[in-house]
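Now for the letters of each chain:
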Amino acid sequence: DTGVSQNPRHKITKRGQNVTFRCDPISEHNRLYWYRQTLGQGPEFLTYFQNEAQLEKSRLLSDRFSAERPKGSFSTLEIQRTEQGDSAMYLCASSPDPGNTEAFFGQGTRLTVV
Amino acid sequence: QKEVEQNSGPLSVPEGAIASLNCTYSDRGSQSFFWYRQYSGKSPELIMFIYSNGDKEDGRFTAQLNKASQYVSLLIRDSQPSDSATYLCAVMRNQGGKLIFGQGTELSVKP
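In order, the protein sequence lines correspond to chains Y and H. The numbering of the first sequence is our numbering, which starts it at 1 and goes up by one. The numbering of the second sequence is our numbering, which starts it at 1001 and goes up by one.
In isolation and in its complexed conformation, chain H is listed as follows (with noise of 0.2 angstroms):
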């Protein structure tokens, strides 16, 4: 079992609609995490982190965390077609450790 896991996907959504991305993880004691995105041939940016349960917001993106079920996810309200990469979840054991990445969910957002 890998310590992060996300579907591959692609994911494809309708222009406007939400996105919703999804990630579990393995070591209960993970304290933080997050996302990031990765446009093809690019470097991950981050988009947002959350060390809480329950929401987290900023602009169009909100991050949800449960930590009871080991699951954190994105969701991206009124989807743009630059919104279309790959979206890698990640998530860190201690503070200022190392970050482990699931393999990242591929999102198609079509005009």
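Just chain Y, same shape as in the assembly (with noise of 0.2 angstroms):
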């Protein structure tokens, strides 16, 4: 599969709980990105990769968010002490060099804080 995988798909969790959620981009594409969307409404940028470096955080990106990418290739995203609020689809996005600005989505991580 060439495209961009998340894990997992659907994720239902109970408020208060950490959740983490995986990305694999495009092989060899440099950038990768995270965005946050909630129904109606269009994607909201949460962070973006350069290879391992995070280069930029949204303010959406509250201290219980965190995103690494530790050896540039894959990412994680996690979420502690999750609340109502952080119900959202979150997608996954990756890019190659900066010379490029096609921007390719994963199929997303819909999540339920119940």
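Treat the hints with care, since some could be wrong.
[Claimed, not checked] Beta-carbon label-pair distances, calculated as ranges: (1) 72(Y) <-> 1071(H): 35 to 45 angstroms; (2) 58(Y) <-> 1005(H): 27 to 37 angstroms; (3) 1020(H) <-> 8(Y): 31 to 41 angstroms; (4) 1045(H) <-> 30(Y): 18 to 28 angstroms.
These are computed hints drawn from the structure, not numbers from a lab. The beta-carbon is built from N, C-alpha and C at its ideal position, and this holds for glycine as well.
Hints given; two lone chains; assemble the complex.
Below you can see the structure in the form of structure tokens.
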């Protein structure tokens, strides 16, 4: 499979629990992005990496959110002490080197906090 | 004012007609402009992008950019029911940077 892969596809968790999502970008794509999308809205930027370096974080990314890309390949997004407002689709995208701006999205992880 | 604005719709057109989707943006420094299509429950998929003023055509799709008016549009010719989806406009300030999305316009193509 040559596309962006995200796991799990769906996650239901109780409020207060921690969750972790994984994203495997397209092979050799240097840039990896995380977005969050709620119903009826466009995706909102959370953070992005150039290889293993986290270059930008949105103000939306509170202290409960952390993202890593330790070896410049896959990335994880962790949400600690989940709240009902965290329920959303979490989208990962990747793009080749900075000279190529096209970003390709994975299928997303739908999080439901109950 | 949102950075990227789109009419949420729904926009309804008959099969075979031209669908016109519009988007305005607030940051004059924006460099790249993208149109994504998103089917219900699915992730966005890239339709096309445009960097320079004018028109860019790809099959049934034409993107139009007017930087002076801070306006970008997408025309879909010979609309098909399979084009029914939400169309997301996105802008990028810096090459390779983050995408800033509008809220999307829902398009419905009636047979």
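Against the structure, the hints:
no.: 1; hint: 72(Y) <-> 1071(H): 35 to 45 angstroms; verdict: holds (38 angstroms)
no.: 2; hint: 58(Y) <-> 1005(H): 27 to 37 angstroms; verdict: violated (19 angstroms)
no.: 3; hint: 1020(H) <-> 8(Y): 31 to 41 angstroms; verdict: holds (39 angstroms)
no.: 4; hint: 1045(H) <-> 30(Y): 18 to 28 angstroms; verdict: holds (21 angstroms)
Against the hints set out earlier in the document, a violation occurs for number 2 only.
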